[in-house]
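Asker: Those sequence lines, one after another, are chains A and B. By numbering that gives the first Met the number 0, the letter at position 100 of the first sequence is numbered 99, and the numbering carries on one by one without gaps. By numbering that gives the first Met the number 0, the letter at position 64 of the second sequence is numbered 63, and the numbering carries on one by one without gaps.
Derived from the structure by calculation, the hints contain no laboratory data. Everything numeric in this text was worked out from a predicted model, so none of it was measured. Glycine included, every Cβ here is placed at the ideal spot set by N, Cα and C. Among the hints, a few may not be true.
Unchecked claim - Label-pair ranges, simulated between beta-carbon atoms:
#1 B:Glu73 <-> A:Glu76: 44 to 50 Å
#2 B:Glu26 <-> A:Ser37: 31 to 37 Å
#3 B:Arg82 <-> A:Val33: 29 to 35 Å
#4 A:Glu50 <-> B:Asn79: 22 to 28 Å
#5 B:Thr21 <-> A:Leu62: 38 to 44 Å
#6 B:Glu76 <-> A:Glu26: 36 to 42 Å
#7 B:Asn30 <-> A:Val33: 29 to 35 Å
Protein chains: 2
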Amino acid sequence: MIAETPKPPYYAVIFTTLVTDTLDGYEETANQMVEMVSKQDGFLGFEAAREDIGITVSYWKDLASIKAWKENTEHTEARNKGRENWYKAYKTRICKVERDYGLGDI
Amino acid sequence: MIAETPKPPYYAVIFTTLVTDTLDGYEETANQMVEMVSKQDGFLGFEAAREDIGITVSYWKDLASIKAWKENTEHTEARNKGRENWYKAYKTRICKVERDYGLGDI
Numbered sequence: 000m001i002a003e004t005p006k007p008p009y010y011a012v013i014f015t016t017l018v019t020d021t022l023d024g025y026e027e028t029a030n031q032m033v034e035m036v037s038k039q040d041g042f043l044g045f046e047a048a049r050e051d052i053g054i055t056v057s058y059w060k061d062l063a064s065i066k067a068w069k070e071n072t073e074h075t076e077a078r079n080k081g082r083e084n085w086y087k088a089y090k091t092r093i094c095k096v097e098r099d100y101g102l103g104d105i
Numbered sequence: 000m001i002a003e004t005p006k007p008p009y010y011a012v013i014f015t016t017l018v019t020d021t022l023d024g025y026e027e028t029a030n031q032m033v034e035m036v037s038k039q040d041g042f043l044g045f046e047a048a049r050e051d052i053g054i055t056v057s058y059w060k061d062l063a064s065i066k067a068w069k070e071n072t073e074h075t076e077a078r079n080k081g082r083e084n085w086y087k088a089y090k091t092r093i094c095k096v097e098r099d100y101g102l103g104d105i
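I would like the entire structure built from these sequences, with the hints used as guidance.
Answerer: In structure tokens:
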């Protein structure tokens, strides 16, 4: 679904990935991370889609919330597993959303 | 592919969409837009994936480049067709990329 975010400014983390062919355990960990991130202070929502590449965008109240999630122990373990097993390449971009607009039921 | 972007700061436009069931002409227009946007001044790259929702992220040198592409005539016509025919809902977010880091061949 399209995330329902508040009026800007807020923050976005764009996480773009290319995965390997050895995805054992990936989905389980991804589902755990979705459940955990949803409970984080300052978390505003997320959007994800995978085709040739995967794009996950999470939205946050401020940089401190992003940092706290980055330092979360289980998240750090999941990232390490990702780097070792699942991701051929990835890029993380920390962004300040300055303006937004839309159409429809979002 | 994962976009090869320069050192921050630069800009990202996150365009998230829910499409209708009437996608006649959509792919042709989307391909035209990809070809055109690639020639725009200040365009740095883009990433796209569609699953339940579509996420397209385009990267830009500055806000002026984003504005010029928004005002491009063919792009404006394509957006109007999108609003009328193809999109049930969408959200556009204009962001300043403050920091990025990654792994691998990107």
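Asker: Hint by hint, note whether the structure agrees.
Answerer: Hints, one by one, checked against the model:
1. B:Glu73 <-> A:Glu76: 44 to 50 Å: This hint holds: roughly 48 Å between Cβ atoms.
2. B:Glu26 <-> A:Ser37: 31 to 37 Å: This hint holds: roughly 34 Å between Cβ atoms.
3. B:Arg82 <-> A:Val33: 29 to 35 Å: At roughly 31 Å between Cβ atoms, Val33 of chain A and Arg82 of chain B fall inside 29 to 35 Å, so the hint holds.
4. A:Glu50 <-> B:Asn79: 22 to 28 Å: 26 Å, holds
5. B:Thr21 <-> A:Leu62: 38 to 44 Å: 41 Å, holds
6. B:Glu76 <-> A:Glu26: 36 to 42 Å: About 41 Å separates the Cβ atoms of Glu76 of chain B and Glu26 of chain A, which means 36 to 42 Å holds.
7. B:Asn30 <-> A:Val33: 29 to 35 Å: Check passed, 32 Å falls within 29 to 35 Å.
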